[in-house]
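Asker: Spelled out from the first residue to the last, the chains are:
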Amino acid sequence: MIKTIKQVELKVNNEGYLTDFSQWTKEIGAEIAKEHEIEMTDKHWEVINWIQEKVAANEPLSIRGIKKSGVIDIKQFYALFPGGPLKVSTKIAGVPKPKSCI
Amino acid sequence: MKNLVILGAGTAGTMMANHLVSKLPKKEWKISIVDQYKTHYYQPGFLFLPFDIYNEDQVKKVGKKFIPKGVNYIQQKIEKIDAENNLIELDNGTLAYDLLIIATGSKIAPDEVEGMMSTEWKKSIFDFYTYEGALALRDKLRDWKGGKLVVHITEMPIKCPVAPLEFAFLADSYFEKKGMRDKVEITYVTPLSGAFTKEISSKALGYLLEEKNIKLVTDFAIEKVDFKNKKIVDYVDQEVPYDLLVTVPTNMGDEVMERSELGDDLNFVPTHPKTLQSIDHENIFVIGDATNVPASKAGSVAHFQAETLTDNILLYINGKPLKEEFDGHANCFIETGKNKALLIDFNYEQEPVTGTFPFAGIGPLRLLKESILNHWGKLAFRWIYWNMLLKGISIPFVSRNMSTSGKNINK
Numbered sequence: 001m002i003k004t005i006k007q008v009e010l011k012v013n014n015e016g017y018l019t020d021f022s023q024w025t026k027e028i029g030a031e032i033a034k035e036h037e038i039e040m041t042d043k044h045w046e047v048i049n050w051i052q053e054k055v056a057a058n059e060p061l062s063i064r065g066i067k068k069s070g071v072i073d074i075k076q077f078y079a080l081f082p083g084g085p086l087k088v089s090t091k092i093a094g095v096p097k098p099k100s101c102i
Numbered sequence: 001m002k003n004l005v006i007l008g009a010g011t012a013g014t015m016m017a018n019h020l021v022s023k024l025p026k027k028e029w030k031i032s033i034v035d036q037y038k039t040h041y042y043q044p045g046f047l048f049l050p051f052d053i054y055n056e057d058q059v060k061k062v063g064k065k066f067i068p069k070g071v072n073y074i075q076q077k078i079e080k081i082d083a084e085n086n087l088i089e090l091d092n093g094t095l096a097y098d099l100l101i102i103a104t105g106s107k108i109a110p111d112e113v114e115g116m117m118s119t120e121w122k123k124s125i126f127d128f129y130t131y132e133g134a135l136a137l138r139d140k141l142r143d144w145k146g147g148k149l150v151v152h153i154t155e156m157p158i159k160c161p162v163a164p165l166e167f168a169f170l171a172d173s174y175f176e177k178k179g180m181r182d183k184v185e186i187t188y189v190t191p192l193s194g195a196f197t198k199e200i201s202s203k204a205l206g207y208l209l210e211e212k213n214i215k216l217v218t219d220f221a222i223e224k225v226d227f228k229n230k231k232i233v234d235y236v237d238q239e240v241p242y243d244l245l246v247t248v249p250t251n252m253g254d255e256v257m258e259r260s261e262l263g264d265d266l267n268f269v270p271t272h273p274k275t276l277q278s279i280d281h282e283n284i285f286v287i288g289d290a291t292n293v294p295a296s297k298a299g300s301v302a303h304f305q306a307e308t309l310t311d312n313i314l315l316y317i318n319g320k321p322l323k324e325e326f327d328g329h330a331n332c333f334i335e336t337g338k339n340k341a342l343l344i345d346f347n348y349e350q351e352p353v354t355g356t357f358p359f360a361g362i363g364p365l366r367l368l369k370e371s372i373l374n375h376w377g378k379l380a381f382r383w384i385y386w387n388m389l390l391k392g393i394s395i396p397f398v399s400r401n402m403s404t405s406g407k408n409i410n411k
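One line per chain: the protein sequences are C and G, in this order.
Our numbering puts the first residue of the first sequence at 1, with every later residue one more than the last.
Our numbering puts the first residue of the second sequence at 1, with every later residue one more than the last.
So that you can see chain G by itself, here it is in the shape it has in the complex:
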């Protein structure tokens, strides 16, 4: 009997368990999945919690419910991966593997920036990338009387790179609805050279910030949060004052990678971008936010990766060459406020462009263009996530590899 171990029961790990349970011969392979947490969160929903669009119950469920029968679910903390000896050291005992899938995700590390994790954390400085952070921010926003709201990204890469932009747009809507938009000054601060960095999206969406009266500060590499004087300061001594700082802290892979010496300087695991095999160990595969591949850290990416990875696991087991197939495909709805959203579909090579999705000419969804239908698509996605995505069911008409059909691509 051989052992396949999946580390992490988040979006990517749960999907892999569901994909593999029916494909690996039960007499030959035992599948185990390890995760210390009981709750599975619908992370895209965290964006909606601060604005009272979603409530707590809509974004969390018991994780065990999504682990298929026939998979051994181990609820323990992972101490270390001993890749030389094919062993996982757990809180309580060890686990041997023949094949390992790392799906431990990424998380925020606010202590990476001086002054961020200060006495003001969750008082005037908030994140919305954690369940607790999003709820604390919701409570703050409910009573906030207005002032300078700064939406800030510390450094790239981050989970869902468009989420902070969506936050700024939804904040505009939220305060307008409360009749206090004139009391709130919104500033978007990014280390990148623009809010929309790619040429085509900049042209298509440049109007959004202006229309919503959101100020933009670019090329801001934060050095510290001066929490006493309520301002963020960058390496060239540029300062942005705030009353309420909503920041996306540094995103890092799990600390277990550091302990196991398997990660890069952000604890992401060096991974082949097309096969998803670990660069250093051929019997280790990596999926989702845990990888260092230059794709977006988003659930849709994990979903498309899972399909390629399932094929590659089977090829690897049968001693055949791996498919170099994963193309970086990502597909994201972007909330723009006032019940509208836009949709982007892109990969490693192709930047987001305008057009129709998934069918050329017909749509019904429009790419890089605001619409109410896209917003409904985003809301419908929560159902799709719990009922299809996690269970490894393919979404009809959306293929793992990005399609160029319907896209306005200048060749």
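Okay, chain C solo, but in the shape it has when bound:
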């Protein structure tokens, strides 16, 4: 599927996750955040950077990982990305939704 944000045609899956990370920019991330009614702050970006680093290192993402990230605690994570924080934050980060079996 193709989704257009700021005149850029982005490759996304049916759930709206970018399928080609090379298309991601901070501006696009901020636009995706707006769709979830999130106004990005420095703290949000700190979490997004951390997520992108984990994914680049092939490390699985989990709520526990957030707890041990040193960036944020879980209560704050929920407050920053309401409604399924891992789901929402990974979409903003332009990385795949965390894996599960089926």
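Among these hints, one or two may not hold up.
[Stated by the list, open to error] Straight-line distance between alpha carbons at most 16 Å, and here's what the computed EDC-like set of lysine to aspartate or glutamate pairs gives:
#	chain 1	residue 1	chain 2	residue 2
1	G	K212	G	D243
2	C	K97	G	D219
3	C	K68	G	E223
It should be emphasised that the hints constitute simulated quantities derived from the structure, not laboratory data.
Assemble chain G onto chain C, guided by the hints.
Answerer: Chain G only, in chain C's frame:
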């Protein structure tokens, strides 16, 4: 004489011993396998114990029986892996290695969540990922008069990610058969965003929960078990009350990884996802649940990994480049209750889809679709496990790499 040491005599370690014993020259290599436990459990059978479908004897055997002749079996606790000096510290002495295979698996860690390992553990809070837990739950269910049954996953990854879903389906069947389904309210609570998270399986299987009248609570990241008031509470103060909590606690790798500083924050060992070589030490390989690779933690995965790993061990010994071949292949039967099951076959890249297995068009098994034949397949698997899988015998027509043949894949 060189030493190859395998840590762990579970599914993956036992298979590796069986694969390697005939392939390594006996005059050059001594193979040892270390495990502190005497009993080998058929872990997929734990799902059936609580519902009296299997009995104790069907899920356990003496582990030694499956260790091949010519392999040195050391029944001791592993204290530490000293990877810098290629040494294993055991309960009683040390063991040097030239090549190490870590197959120490994963286990539940209920004490990771506040209130889970409370005075109510095995009274109103149960697991079914251990032999003892499954039996305690069986005894509880036999006399249970009904109420709120909550089936819960603490966090991912877990061994056999579909097992809790199967538990909920089998519970529905079990209580219906006992004529008390109307007295039991079943709720499935998951940290994921859905019971079936992948798009195709969600479409194919969405009806199952509704049909079985199982409530679903998603995105539930548990903060604590309030065992006094019988409810689980998450980080946004969402609460789910229970009378009987069947939880899948946090799954972690063996503590020996923490002691040896070889694991990640869940004690899983950082492993190359395609070669199964340790990221940090080139003479260490990792297999099965002990790895951090993003594949399912399931026996079938260990089975497919074992074939790739055997090739890679031989390549490594001969100084040749490793095969980057393991594709995350998993193949699982999923019990849906009422003597039906479905089958999924997938890998790192390909999500489970519909189709036929193992032969295109012919099957005889159907993917992502309930059938009685799939249920028989699941039951037959216990025999296959004890008689073929553990011995390192390939299952006919099922290759280590996932086949796309017979699968309805939209390209």
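Asker: Which of the numbered hints above does this structure break?
Answerer: Of the numbered hints, just 1 does not hold.
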